[in-house]
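Participant: Each chain, letter by letter, is given below.
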Amino acid sequence: MLEFVSNNISTINFILINIALGLSIYITLATGLLSLSNAGFMAIGAYTVAIISTQSNIPFIVGLMAAIALGVALALPIGMLVLGLRDIYLAIATLGFGEIVRIIALNGDKVVHLFSQNKELIIFNGAEGITLTYRTPTIMLGLPDTTWPILIYVIVIVYILATLHNSRFGRILASIRQDETAASTLGVNVVHYKLLAFVLGSAIAAGAGALSAPIVRVIDPHNYVFSRGVDILAYAVLGGMTHWVGPILGATVLTSLPEALRFLKDQRDIVNGLIIMLSIIYLPAGLADPRIWGLFKRLVSFPKRERVS
Amino acid sequence: MIPEQPKPLLEIRNVARVFGGLKALENVSFNVPRGAICGLIGPNGAGKTTLINMVSGLGPLSEGAILLDGQLISGLAPHKIAERGVGRTFQNIRLFGDLSVLENVILGHHLRQRGTLIETLLRLPRSRSGERDSRTAALKLLAILGMEHLANVQARALSYGDQRRVEIARALALGPSLLLLDEPAAGMNSTETDGLCEFLLSLRESSLTILIIEHDMDMIMRMSDLVVVLNFGLKIAEGPPDFVRNEPHVIEAYLGSEQ
Amino acid sequence: MSELPQQLINGLWQGAALALFAMGYTLVFGVLDIINLAQGATFMWGAFFAFICVTKLNWPIWYAIPVAMVGAGFLAVLLDRLAFKPLRSLTSGGLVLWGGFILLLVGMVGRWAFPVKTGITIAGAAVMLAGFVIDYRSIRPLRIREVPHLAPIISSIGATFILVSLAINEFGAQVSRFPANLFPVKPYHITADAVISPIQTLVLILSLALMLVLSLLINRTQMGRAIRAIAWSERTSRLLGINVDYVIAQTFFISGALAGAAGVLLGLAFNRLEPTMGGEVELAGLTVIIVGGMGSIGGAAMAAFLVGMIRVLSVAYIDSSFRDAFVFALLILVLLIRPSGIFGRSKAVRA
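Protein chains in written order, with the working numbering: chain A, 1 to 309; chain B, 1 to 259; chain C, 1 to 351.
What the hints contain is simulated information worked out from the structure, not anything from laboratory work. A quick note: this is a predicted structure, and the numbers were derived from the prediction, not measured. Just so it is clear, CB atoms sit at the ideal spot from N, CA and C, and this is done for glycine as well. Be careful, since some hints might not be right.
In silico EDC-like cross-links for lysine to aspartate or glutamate, where the CA-CA straight-line distance does not exceed 20 Å [unchecked claim]:
id, chain 1, residue 1, chain 2, residue 2
1, A, Lys119, A, Asp109
2, B, Lys80, A, Glu180
3, A, Lys110, C, Glu170
4, B, Lys140, B, Glu198
5, C, Lys117, A, Asp109
6, A, Lys119, C, Glu170
7, B, Lys80, A, Asp179
8, A, Lys110, A, Glu128
9, B, Lys7, B, Glu205
10, B, Lys140, B, Glu63
11, B, Lys80, B, Asp69
12, B, Lys140, B, Asp162
13, B, Lys7, B, Asp225
14, C, Lys117, C, Glu170
15, B, Lys7, B, Glu238
Quick partial rundown of chain A residues pointing at chain C, CB under 10 Å, derived from the structure [unchecked claim]:
id, residue
16, Leu29
17, Leu34
18, Leu81
19, Gly96
20, Leu121
21, Ile123
22, Leu233
23, Met277
24, Ile280
25, Arg291
In silico contact screen, one side only, chain B against chain A (beta carbon under 10 Å); selected entries [stated by the list, open to error]:
id, residue
26, Glu83
27, Ser127
28, Pro248
29, Val250
30, Glu252
31, Tyr254
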């Protein structure tokens, strides 16, 4: 077991990061919002940590907090501006936000030079991106100290989302997804709760981006293009958009599959595209569909029944 | 104006609604006294649903004003109007199909549920007791409607008549002073309709005011204290059922249409 | 500032090609109320269809342009059957079509030896054809469905990924170019400083001509009337005996052909073909249809020239790396201030 973990630690790291990202888009999808800005918020988180650790000696945990805080601070005004828009328009506007983040990361230094005396100052480093210095992780209780924060982060998020799911907040978000007009006539302040979901999702994505920085080490704008956002969307769509278990399943399957089946790695985009299309068409409730679990249980219990009879 | 009712619960004042160039409602005024059941009838396309939508804040008014308990509610957002105590059902049932019957009804109760986001996340006592109270209240409502056994069924799996009743329970969970019902008996058989009638009459005992759109004339005439008749966006009659029944305009409107 | 007339000319011909692309977008939106995000991939494949004709088959470019349009048109119809139609109704033909499509993909991307690869690919295509026919002939679907309103967008995002990756597989991720001598290079002088090259003239003229054809098609023909009827109410059209399924296919064909034409023309004008070229025009196209007012074909044409100008001018006077930032700024500004578009009629965009 321990050997398996240490041999595959990088895959495990990415599975955990991708679970967090899948959960970040899930919370908005569960509210009926197609927000495509998650890759952008992930970039914000990663750049925040990368810039802080290259420009100063502030510890990582503070950088993580700053990344999440920045995610919230940006998501609030953006959410207030765009969440009134209907589905397609919202998707396009949030897609636009992600692109703007990328363009800023690419050209950030030009903007910095406009305001700073020091024309040699390099912060974003354009298309090259920021490279973090490599540090050999120390092993604590069987896991590297880079993995622990991610694991704890995922556990905290799952706790938050599971608690919300079973509370009136989860019910209200589900009611908005299904019929926001009917929800509003029950006294639900629709915009308020959409904002809650959007900010929560953005903060989760920013945190995941921050945690991914020490693992990917090279933070460049190309990591956060639209196709990254589509990867994230695929986790939630395959897993299911109505229960928090969905994105966990989706992210695990889609991250480990290319590792297990080498030939799939070269065709990752085709496989992602196929999975998105096939699951939205033929498996709209995702892998977390209760009917699939019922079928699974029946299949598993089938031999037992035979033995009894 | 009905002189013996000093302060009506709902006042519709000179309300008009224009869609494009088409007048869906024109200068409609009437009052619904507190504790009354008011029937809103008229041929298809008379503007009944448009009016109810305006009361619950789903459509803007082109002219006029709507007052609840003496306070202006037209122009408020739908959730604000719901907070003031207006519950409603829809002509084409709008339950949350993915959720269970119980969850649908609890949603109606959520405004009275305590516990902030932080309290919920930390699972503090207030949020847990709030959840428990809502559950108890919702189960009680379902019990009154004789639907306890369906509490954990997915709403979309219910029969048509049951869905209508769950929608009413959900609106009642809000604890409204005014209940708006848009064709609650549509698709029900006569036994179900009788049961619904009885139930609505029992609600009046608890001083709830009801504004109801219905095509089942029998039901309207049997239940209502007051009937308002719309035709082509205009109010053509108003009064007690017996009066309205014999009003020549009303007979003409109905004979002229499909009924 | 003596550059300005030249930049305006550039904005004009680029805007015209962009208009073609965006009109296809808005046509599908008007009829089905869905955004086909795979329109950018259709655009890219249009360009590559022409590329194949010219470089592999040695056809003259005059044949390649219509071939690319027809190819892209059929690709769009196929996309509808794979990505959108199963969301409207499930049919057994649709399942067969999907089975064939997966077989085709396996054949195209798999590292098989020669006869096996071709065999699987052809078998996949044959199964798809069968599925297409079964789907078309079936009268009663297995199930008419109601899917989440996000489903078509998500499905078309998936389709885009497949189409772009296929192009990378076939042509490589690098830039491909047409042979250099397809067009004369000597530019026409419009003023002393402003010139327009023959290929740019072709882009402008052909785009304007196609816009005219589209507007005649929509406003003057039986097919156009059917398209407008479905845009107004699908149910009523069905009751009136319009073959809705067929008209939807026609709509996708036109929309794809327009995207394909835009793809060839811009591909020729910049002589730069890349599998990712659809993504860039996608963004500009989305801005165009929103600025023009969703579903409004005339609005899209006007907005395309505006966006074309903004792109050209921001590259010329500010910085090429900020080009998309300006387009986005316009997009977001319009969404926030006047979401029904500058040139369009009002339509419910706010929830």
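Participant: Would you pick out the hints that fail for this structure and give their numbers low to high?
Facilitator: Those not satisfied are hints 3, 5, 6, 10, 20, 21, 25, 28, 29, 30 and 31.
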